[in-house]
Amino acid sequence: MIYYIFSIIFLLSIAPLLLGFIKSIQMLLFYKKMVSIFQPYRNFAKLLKKEVVISQESSSITKIAPFLVLSPLVLIVFFLPPIFGNAFYVSFMDAFTITGLIALSTFFLMLLGLDSGNSFGGMGSSREAFISALVEPAMILNMFSISMMAGDLDIAKAGVNLSSHFPVEHMSSFIFAGLSFFILLLTETGRIPVDNPQTHLELTMIHEAMILDISGFYLLLIEMAASVKFVIFASLFASLFMPIGLELSPIFALLVFIAKLFIIAIAVALIETNMAKLRLFKVPNLLGVAIVFAFLSLITFYVLEA
Amino acid sequence: MIDFFIGMFLATLISALFTTRLYRLLFWYSMNSLALAFLALYIGQDINDNPLIISGMVTLIFKAIGIPYFLKKLSLKHQINRSIPPNISVHYAIILIPGILVFTFYLAQPLSQMMSEHANYVAISISSLFLALILMMQHKSIAPKIIGFLTIENSLFLLATTATGGMPMIVELGIFFDLLMAIVIINLLFLKNEETA
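If you read the sequences in order, they're chains A and B. In the working numbering, each residue's number is its place in the first sequence (first place is 1) plus 2. In the working numbering, each residue's number is its place in the second sequence (first place is 1) plus 2.
Pulled out of the complex, with its shape left as it was, chain B reads as follows:
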């Protein structure tokens, strides 16, 4: 079951890399967070860890529903351009993305000898970190870059959840408040962007 959610996590992230529309990108980000939230809830229930369940709930409410909705409202308010063609053309991305995946999977091989279980989850979260960086790199406009930043946070959460069985909840909550602050700052950024454009 954990494999299923991790698979969905990576699949939604790769779909996000190929989208050219902002709302579709927000949708894929929301699906990505949803997979992550269910994963946290499942692991939390499995190892009977209440803080992890709470972080899963918070992820579900904020990242899967709250942030995409809020970003959509913001982009409507500031009339952000909804067409976001990626800089890296799809033909190159088809070669680049499997290349990155193979590279990171082999990069994580030494880790798998150190850890007894969940070694491949670490590999997948590192590769999703790289894919999120690609998402940030391949767009010029500000809104997809923000989604890329949020996705990096998602993959760090995945890394923390699967590698260590959940980080302390205080750290997790701290990151959440950070993200919320970041969203408020992004509002200002959009405003600035609108003025200069």
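Bound conformation, chain A alone:
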């Protein structure tokens, strides 16, 4: 039980660090002076002190929505696969639950964008709806396929099963699911081929457009939600698609897990520096590839059992 609580606190607290790490790797690759990897924490502390300004046109949704954006994501963190072997974990979340909870969070983010009544908010919300509609089928197929391979519909149990005996005979469907999930990771966390988290360019912004009007504590909540979303996806990728190190002693298991998270962060940073952002109407092509791979993983598993 103590490991369970520790791992939740650990995941929530390492979340901003990962984003800071990605940022500083990017700065290094651009030959710029590196930002400290603790910069997101400083931003959060700064936002906490700032005053909250709410637009006159906005309704009570603006006051409620930031909490409802963050809370489904925090809920997911409780049901993630365990970091330590033999640790307590909650068997609750299957492919549909996780997709639904992420969709709930996205729904309130879209409401928040629409609520302030400025044109950017509506634009950002419509783009987000467009992308999340394409993400969901791939996500469900993907999670379903990996849990079939692990032999249990529950995701936390699937992580444990994969680590205890890796399905070598299902290697090819495992690869397809992994490729598809990595595309989903980039898409859902708003990284570069789909969305650029650093700019406020009106032609391309998606996530930033929805939160233009938010300030102070509410902005802090939204930013925290973005970082928690990244850590959820990174930790799912680490537990389900790199299933090693769970059987080690707790300290080593934790170290291996942190190493896996940082490897994912480095991969994301490398992709961000080496790729151009896709045009909005090219994004369905990328997600189409994700859907094809997810579906392929499922049919390879069922028909060929490979």
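Simulated from the structure, these hints should not be mistaken for lab results. Any given hint could be a false lead.
As the list claims (entries may be wrong) - Under the rule of at most 30 Å between Cα atoms (straight-line distance), these lysine-lysine pairs were calculated in the DSS-like manner:
no. : chain 1 : residue 1 : chain 2 : residue 2
1   : B       : Lys147    : A       : Lys279
2   : A       : Lys284    : B       : Lys74
3   : A       : Lys284    : B       : Lys147
Guided by the hints, dock chain B onto chain A, whose structure is given.
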């Protein structure tokens, strides 16, 4: 491990189907051949078959490095148009490709009863044959069609390697020399294409 390389083979082929740039297509073809070469080397080492190891090495040198490099040089020399938008739009391809895969997987079901092992590899190589045909079909210009032709050869090699444990090396080498001849002829084809365009 064989499953891993076969998975990579199919994954790179599907990525090649969605590309719209010639050099990216060459890169995916090279990755496809690389997966195939490692597969041949791995199986060759596994069943201790020297000819298969030699074919794997030849695949690695010629198909993964030589042919993409040579085609890139050729397309630079003849200034081939590098933008190759596929004829079949991506939205249809998303439905078409899984459809083909399901179809070929079920097509190969009777085969799997005949063979005791490696039945699903046969299914995957037949489906990659079909996907390579799609690659040839969906482009109008000559360069991607050539890549499609080369990919068909790759999937035939995969079929031969996995279904029979390697064909005789003399056949394999014959096919390699055929391919090299084809590349020389393709040079002429590019030249012709340039004259008519």
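> Of the hints given before, which are not true for this structure?
Replying inline: Per hint list: zero violations.
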